[in-house]
Each structure stands twice: as C-alpha cells, then as structure tokens.
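Student: Here are the chains, one letter per residue:
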Amino acid sequence: MTGERPDHFILFLVAGTTYALPTKDVAHIEMVEQITRVPNAPAFVDGVVFSRGQVVPAVSLRARFGFERVPRDIKSRLLVVQAAGRSIGLLADECREFLSIPPSTVHPPGESLAGIAARYIAGVATIGDRLIVLLNLDELLNTQDPILAA
Amino acid sequence: MTDFLEGFLDDYFAECDEHLTTIRRGLLALEGSVGRQRPDPVVTEELFRAFHSIKGIAGMVEHRESEQLSHEMESYLRAIREGDARLTTPGIEALIEGARSLEHAIAARRQGDTPPDTSRAVTLLRGLLSESTPAGTVHDTAPAGATPSAQWQCVFTPSPALVSRGVTVDLIRTRLRESGEIINASPIIAADGSVAFRFIFAGALDQATVDAWAADGMTCTALQSDDTDKPIAPSPDLVQAAPGATLSTGHYVRVDLARLDELMRMIGDLVILRVRLTDSITRVEPFVPPADRRVIQEHLIAVERQLRDLREGVMRVRLVRVGEIFRRMPFVVRDLARDTGRKVRVVLTGQDTEIDKFLVERMMDPVLHLVRNAVSHGIESLDERIAAGKPPEGTISLSASASGDIVTLEIADDGCGVDTERILARAAQVGLPVPPNPDEAVLLDLISSPGFSTRDDSDRASGRGFGMAIVRTTVQELGGTIRMTSTPGQGTRFSIDLPLTLAITDALIARVGTHTFAMPQTSVREVIEVDAAAVRAIEGGEVTPYRGGALPVVRLSRILNVPVSAMDRLHAFIVGTGAATTGLLVDRILGQREIVVRSIADPLIRVDGVSGATDLGDGRAVLILDAAAIVRRARVRGTGALPAVKEIA
Amino acid sequence: MTRVLIVDDSPTIRRMVKVSLGLLPAPTDFIEAASGLEAIERLAIGPVDLIVLDLNMPDLHGLEVLGFVRSHERYRSLPVIVLTTRGDDSSRQAALQGGASAYLTKPFTPAVLAAEVSRLLGSTASPGAAK
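Residue numbers (our numbering), protein chains in the order written: chain A, 1 to 150; chain B, 1001 to 1649; chain C, 2001 to 2131.
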C-alpha cells in the first residue's frame, strides 16, 4: 500500500472470515457452474474452468487456507484475478462488497489466524468492529509449494 | 458508494489518457481549420466525443474540475459542429488552454495533489460561446478539393459465425472508413425479421474488395449519383437470404463457416465408420477367398486415401493467404508517413503463406497496430535519420513464414528502437511494478499493459492506449506468442508465432466414470472393444488378448484418479507402436469430434498427461490427454517392466 | 444463464456495471458493446435478457437504439435500463416515452443498479450490499 489515498478492495467470505483483495487485481467475478478436475494438480486446485475463452485454474480458498471444502451454492463466486500475466480463479463462499481501506487501519499480521499460513496475509484491517484480512495475492498463487498428490 | 467509485479511478485515468491523446491530436489538426467556414467535421466530432466522454466519467468519479472543463469544451465543440459558432484563433487558444488545464487536473487527482485553478480556462471558454457568430448554413460534407467518389450501399448482416471469426460491425465500419467515407449507417430489419446494417458509403471499391467483403457478410451495390437524394429502401434481393443460400459473384461463393464445420464433422463420422468397417472386414477375412481379400483391401485403402484428401480439401477452403493481412499495409503506411512527415517504404515477404481464415480476421487489427506503431514511434524523422547516417527512407518489413505447425509473422522497422528509459519511467509513473534488470520480454510486457499508453504529442497513430494490450491478448487467445527484439538506433522487430491450422484437431471423446476426456486422433492407431473379464492382472500391470498376443493395458481411471468402472465391456485406445503398443482403457468412446485446443498455461494446472482443454459446446472444460505421457507414467509407476509384447504389425 | 448486454462507449463505465452486477445472486453472463451499432449486432446474434443502455454514444444515439429495439417484434418486451447523465431531464423523458423499462442516472449506486436488474428479470433474490 503506497501513497496517500486509501486502497480500494473487494471483500469476500471464506469459512466465516472476511478477506480483501485490491479491486485492481480482480478482472471480474463469476458464478461458477462446472469445475473440471485436473488429476495430480495441487490439492488446493479444484480444477479448471473456461473464463472468457481462457482455461483458468479454480483455486479453492478453503482448501488453501486449510479448511474443509463445502459444496458450492448459489452464493459461491469465482474471483478471476490477474497477477504477473496469469489469470487465476479464486473460489469464495460469498462475494460481499467494495470497501476502501485506509492504510492507517491496517496492521501487520500477528499470530496466525486460525491456522492460515501467515505468508498469505498482507495485513489485517480493523474498521470499527470488523476484522478484514488483506491477502497477499502473489503468495497465494505461489507454485513453489510442494505438490500434494491428489 | 464512494468506495465503489474510487475503486475505478485507475480505469478513469486510463480512459482519460486515451481521450487526452485524441484531444491533443485533434487540436493540432483543428489548428489548420481556423477561419474556415466549417472545420474538418471528422476532427470536430472526434474532439466533441472525447470531451463528452471525459465529462461523463469525470462525473461518475466526482472529479469536479475535470467535469467542468470538459463540459465547457464540449459545449464549444458542439456549437462548432452545428454551425452555431465559428472556429476562431482565440477559440483554438482557449481550447488548448482548456486541454492543458484538463491534463493538469487529471494528473493532480492521480497524484493526490491539490487541484489546479481552472477558472481562467473556464472563463475563456465560456466567453467564446457568448460572443460567437454563427458560421452560416453551408454544409460542405466533403473537404475542399476532394473529387466526388462513387457511392455505394453496403448491407452487412451480422451472424454468430461471422462474429466468432472476428467479423463484427465494428470491423466492417473500420474497413469502410479505411476505404472512404461513411455517409450514413443505420440498422434495418429485413422482411424475415433479421437484423442488418445499411451503410451509405462514398469511396472507390474494386471488384476484388467487393467480392472479399461479400464473403464476410456484406453486399455492396453501386449507387447512381442521382440515387443519393432518394430515400433508400432495402431492395428485395438485399433481404437476408434464406439459410443455406449462397450469393455468387464471379468465382467466389459465400460459405458459412458453420457449414464447413458441419462438413468436417461428417467427415469425422466417416472416418470412424471406416475404422469399424476395417474391423468387420478383418474379422471375416479368413472366410473370404484370397483373390477377393486383396480387392477388398485395395478398396479399403482407397477409401482411406479419399477420406484424407476430402478432409484436407475442406480444411483448405478455410486457408487464406497471409497477403490478405498485408495487402493494405502499404497504403496505411503511406498515409501515416505523409501525416507525420516521414519517408517510409514497406517490404512484404511470404504473402503466399496460407493460414486459417479465422487467424487472418483476428490478426488484422493487431498487425495494423504494430505497423502504425512502427511508423509513428519507430521510424525517425528525415533529419534524424540523415544525422544518424541512415538512409533517409525508413523501411518497415512484414514477413510471414510457416514451419511445421507454426506460422510466424514478423513486423520490423529500421528505426530508433525502443526507448527503455522512457518505458521504465512511464511504468513507474502509472504504477506498474518493474523487476530488476528488465529484458525485452519485460519491456514488451510493460508496454502491453492496459493503460500504459506512452505520452507523445506526435501520437497520431496509436491513439488508443490499449493497442498493445489488445495485440497481446489476441495473440494469446489464438494460442500464440509474441516476442520483441530491439537495438537502440537500429530498429525493432516483433515476432508473432501462431499455431497453424489453429489448434483445431480431431479427437476421440471418451468417458471414464463421470468424466469426459478428449484424445487426439493422431495418437490413436486403433480403437477396440475389450471384455472387462478378459483383462488379466500380471506382474507389473494388466493385459488383455489382442490379435493373438497379450496387449498391455492401462486403465485411465487409475491414472486419472477416477473410480474404476463397473462396466463389463470397455473400450481401448491403442496407442504407441511396436513393443511400446499399449491399450488405454476407457468406459466408452462417445464419438469423434473436431476440437479447438485451448492451452493450459498456468503452472498450477500443468500436469503430466494433460496437454490442453477444449469446450465441447456446453462451456465446460474437457481435458485433452497426452497418450505418450500417460503410457510413460504408467510404466514408471509399475513395479516392473511391462511384459514383452508380441510384435504387432 | 442470464445474459445482460452492457452498452456504453466508456470502458470504465462498462466495468463498473459489470462489477456491480457481479453482486447478483443469479448466474449472469455479460456482453459488452461500445456503440449503438455494436449493441444491435450483439442483440441480433443474441440471446439477450436485459440491456443496460447509455444514451450518448458515437454512432447511434441510445434513443435510436431503444427505438430500433422496440420496433422489432422479437425485442419489444426486452427489459432496457437506460443510463442518463446527471441533470439531463429531457433525455429522461424521451427515454421513458421511447419505451425504456427503467432509467438510472450516473453516477449510479451498484446496489440500486443490481436491484433494478433483479426486478426487471423477475428474480426474487436480493443482491449483496455495497458499502
């Protein structure tokens, strides 16, 4: 987060916690119908979908953060993000709202939140009595993780 | 609400950049029209729209100064456009001052600085309208000195097939504009309820162009000069032809791409039928007298050959010379060079290289953009070139070549090369992250980022700041790659590799459990039915009887981590040759299809055994399997060597 | 799958509309057009369930597009939400008289736009709240 003006985020829900990503990183939000499983892909990758003609991985944020998967429902959303020339879909339970988060309300991650690896977290914002976890997109999409066999 | 809107500030700035470029260019052009009864209507309209658009989005993001300034300038331009005001020298000056203030206001907002004082500019602009004198009611629609050109009525009928090829009403409009002037454009409803667009167009069209455009859904009829005053009603033969009919003009026939696909599908079905026929004949062969046996074999071989030729013939109908793309480049370059005061020549090579029509349509605009860039950013002015010891005339070379499955398009210039410093500075300015030691790939990435648009006053050509981004997206969508090489002072080259007959291939579609997969036809030698009971486990794997020997088989269900099938009859793809022949077991083969291969680029989903994905028509991603990789993987996983297989002829 | 056609010559505004409507509960596919002619083309090759239509556009004015849409048997009852610029009252009147199903002024509230779209599409679910 740089500069004077607050950054603008899109908020979404995964396993009860509210997360945020900068709106500029989110290309679009989609409802997801069918996800095609890809054998031997990392465990947190649910599979692939076609998005605007492109084959895009669908990453289960629940799985990525160590929660159990739940069946998708009408509120589930796929946030198609773009980072370093890649297009990746992130599966969220619900996609809520837009919010500007002033840098002054953001603190570095302290103790890990309920088991989520600290490196996915860019910071935690406290706005009123809300706790919003700002995600580090690059870490989230990092492929250096040891591949977990399916 | 405010948060939502502020999240779009980047879009706002990016769009403003585009419009500001148009404005700078337009004001330069407009300067030449001062005092004329009616300034260039095209430029006037462009400027009007640019101010109008900025006003609109400035209002959306609540950027007051910008909204106000653009509103004033829009009003003045509107008055000029409608002949209510004349373009005077103070008028131009006020516009230039206004544009400058606008730029400052936008930059200030972007950087979070205090907004500049725009009152002077606003006052100047307001003053223009209160004392303007009407320019008179003369309507000279043609620029002075233009010779009257032929008029045409062009009717374009859109269709999903045309759109999927990239032939949209927008493309049609661009083509018309490049060849002349559109006098009128309106949607019409044909007798059968279908929608079409009618353009009244003034320009010179040769028969080849008319024929080529007819193949893209647009029929053009020349109008007699006295026809233009009469209201044009769609004549009966311009009404949408009944589905399936074709319009013949000379040697050309208009063919719907969808019908070609249908033909390909039918050929695919024939291929499968031939395979089954071969199977049946093999079974009855022992009972047939030898003389007849030979004749039957000959027939089978002939059928196979004919089918192959038929298939290639239909594919060839879709192939078009790359020259189609290159054809108009010399004209574009000539006009542009003249406008920018440079001397440029165009060298074309490899025009006879053939590529799928679909690629031609999609690559037209990207190549155009690169060529324009080369002229306006690459080639230096005459003085600069002479000072650098270069020939005064710059050269842009366009070439196409095919090698194996790839066609390579190259656009090169012998100009000044890319200015790395300026690109990095601009990247920093718009907030694009730059890795250390950026190489040409990184630079290409930067200039292809939406909203990058370098600021350059002589930027007549590239206008839209999204040009390079569109070039990159288009190339990617076509499954290709683009590279840039550049030497400062010597020139720049863009090299685009595209998969040839696109990534369209024949595939067999199979089901394993509830999963559907595609297997490229070329990997499959044969397809057989296998009795589940006849699959025996042996050390290191499983085998099944095949042609008197034992064929090692691999269950795709196991490789793909799908529950093993309970079916008692399975199918197998026979892949590989000689000792490596293996049968890949699937539950059922659903048929053969021609598929468009979409590459799987992201590292997260690149797995051994999967070579891509395709859409069978329902929007779902269907994985395309890599037979060789699967067999390899199966061998590695097995606890021992697979049994030696009797040589299978 | 609901298909919404977004017509506006500003890419900024088109994205704003897309993201706003991303809050809708029902599956929605977006088709974009940057001009009146393109909009009609997209409509012709269809299908489209609802149109969000800007008025001020380079080739065909939005009202002309609306007029064309309403004059065609097939599209007569297609819901069309017209987006007008602030304070443009005469356009608002013309839009309603021209057959617009609803109109909104810019700047618009995402939740309001999403609600209007929901209403016109007959959906009963409510869109997510926007702060």
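Hints are computed from structural coordinates only; laboratory data are not their basis.
Careful, some of the hints might be misleading.
[To be verified] DSS-like, lysine-lysine: derived pairs with alpha carbons at most 25 Å apart:
no.: 1; chain 1: C; residue 1: K2018; chain 2: C; residue 2: K2106
no.: 2; chain 1: C; residue 1: K2018; chain 2: A; residue 2: K24
no.: 3; chain 1: A; residue 1: K24; chain 2: C; residue 2: K2106
no.: 4; chain 1: A; residue 1: K24; chain 2: A; residue 2: K75
no.: 5; chain 1: A; residue 1: K75; chain 2: C; residue 2: K2018
no.: 6; chain 1: B; residue 1: K1343; chain 2: B; residue 2: K1390
Student: Now look at each hint and say whether the structure bears it out.
Tutor: Status of the hints after comparison with the structure:
1. Only pairs whose Cα atoms come within 25 Å are accepted, and K2018/C paired with K2106/C is accepted, the gap being roughly 15 Å.
2. For the suggested pair K2018/C and K24/A, the alpha carbons sit about 14 Å apart, so the restraint of at most 25 Å is met.
3. Between K24/A and K2106/C, the direct Cα distance comes to roughly 22 Å. Compliance with the 25 Å bound is thereby established for this hinted pair.
4. For the hint pairing K24/A with K75/A, the CA-to-CA distance comes to about 22 Å; that is within 25 Å, so the pair holds.
5. Note on K75/A and K2018/C: the hinted pairing holds, with a Cα-Cα distance of about 17 Å set against a maximum of 25 Å.
6. Note on K1343/B and K1390/B: the hinted pairing holds, with a Cα-Cα distance of about 12 Å set against a maximum of 25 Å.
Every hint, counting from the list given before, is met by this structure.
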